[in-house]
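Protein sequences, first through last, are from chains A and B. Per the working numbering, residue 77 is the first one in the first sequence, and the count goes up by one each step. Per the working numbering, residue 25 is the first one in the second sequence, and the count goes up by one each step.
One or more hints might be untrue.
[To be verified] Simulated DEER-style distance windows between Cβ atoms:
hint, chain 1, residue 1, chain 2, residue 2, range
1, A, D88, B, S81, 24 to 30 Å
2, B, R163, A, G95, 18 to 24 Å
3, B, R138, A, P85, 40 to 46 Å
By construction, these hints were calculated from the structure, which means they are not laboratory data. Ideal Cβ positions, reconstructed from N, Cα and C, are used throughout, including at glycine.
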Amino acid sequence: MPKVTFLRPSGDDIAADVGDGTSVMQAAVAHGVTEIVAECGGTLACATCHVYVAEEHLDRLPPISNDEQEMLDFTAAPRETGSRLSCQLPLGPELDGIVVRCPETQY
Amino acid sequence: MGSSTVIVVGAGQAGCQVASSLREEGFTGRIVLVGAEAHLPYQRPPLSKGHLTGKASRDALWLRPESWFGEQGIEVRTSTRAKHLDTDGRRVLLQDGEALEYDDLVLATGARNRLLRLEGADLEGVLSLRTLDEADEVRVRLEQAARVVVVGGGFIGMEVAATAVQLGKNATVVEVADQLMGRVLSSHTAAFLLQAHRARGLKVELTTTVSQIVGVAGRVAAVDTTDGRRLPADLVLVGVGASPNVELAEQAGLEVDNGIVVDELLRTSAPHVYAVGDCVCAPNPFAGGTRVRLESVQNATAQGRRLAATLTGCPEPFSSVPWFWSDQADLKLQIAGLTTGHTEVAVRGDVSSERFSVYCFSQGRLLGVESVNCPADHMAARRLLSGSTSLSPQDVRRDDFDIKRASTAGSTPAAP
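So that you can see chain A by itself, here it is in the shape it has in the complex (with noise of 0.2 Å):
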């Protein structure tokens, strides 16, 4: 099983174990990381589910579509290197690991 750690503003970090295929967004929210808001459930209608992923990582993560990518500049948080949308992020052996670290605010 997949491993995902969210790590959280309050120093309050959350490590998970989830099925193939769980993204990481619901992970997050099976998990009571309540910083990943998720309004749409998964849609790509809101980016509230908005992470930085971290950099050791990045290369392992599938292309960001051009729906994601436009939608990641309209993120209550800055935009930065890392930045996704969890919900684009379906977890597997590829990113066995991954670390995330949520922002301060999704609205």
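Could you slot chain B onto chain A? The hints should help.
Chain B only, in chain A's frame:
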């Protein structure tokens, strides 16, 4: 604060948000969340979309994990309702006999689907979709059905109908109005949806309605329309709108008018009683300050967050750009703002390639933007509407118009 109690009646998206945001705002008192359904709070939007195809797993529906409520010290009562509210004694009585005293009470009672009141509406196979249990039944029956008739071309009806077509069913929508999603969409976008859905194989019958539902041995067999046709059906999905759940508010003597009436701080007419979500009729700056009742995730969560802040000592008027979305097959419809009453539209994008936005104006003022398969336009429109915008229809029609640039040019400082 540690000794005060907030009771939240209704464990949907709005009620859950109030409870969650109270803790985020540092509220340390007692919180009790009372829900009529057997389930912990869950998301409703996927129920009429991915949940029906089995694409969305049930586990992905929960708004919070079960353990979270305990960790946060939020008491949840499921499968029970508040049946009596005493606003003088600040006491609410639950159906199961429990009496709860409160310092502040939040009504988040939601809405319920309107029913068809005509012959055959109680036949087996005539379904409605709001709750998870109902969605499970629709999913099972949809799998077995060959012919599906959807009564009502609104959000839920169109989402279920589009899903039925994707699953290879013979599906027909019967809509009484002369366009789809009549009250919420511009005629421009509605006309697009009509042809786009027809091109995908959905049948749509406008300006007609159901006269009776015909059964054989207690099971639905066909739908008769008022214009004299008989549409064979193994499954009939009724999606004819919703009514707010206001019985408790009425019993307690609160002001009710198309929902529980609240002021801009989400206060009802009784002291220490507040209301949020689908059950609320609230003054809205995006409706010129008039009172509106909105049924949306955004309204539920934004009101929930706003109220939690008010209850923890930061009272500010509710003012959040309304937005809506509907995924119908591969069409992503998004609406920013409240476009009711618009008199002029300006269209950007390419309608034939199914990517465009319709800007809705009244007296030269932008009311809202409808987008199809243009999520970035939608995000920019929300940003634009959250500030003061002087965007005109002429601006939108200019060749070099760029909504993203327009949305950052106003009161919002440009990104470095």
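Against the structure, the hints come out as follows:
1. A:D88 <-> B:S81: 24 to 30 Å: holds, 27 Å
2. B:R163 <-> A:G95: 18 to 24 Å: holds, 21 Å
3. B:R138 <-> A:P85: 40 to 46 Å: holds, 44 Å
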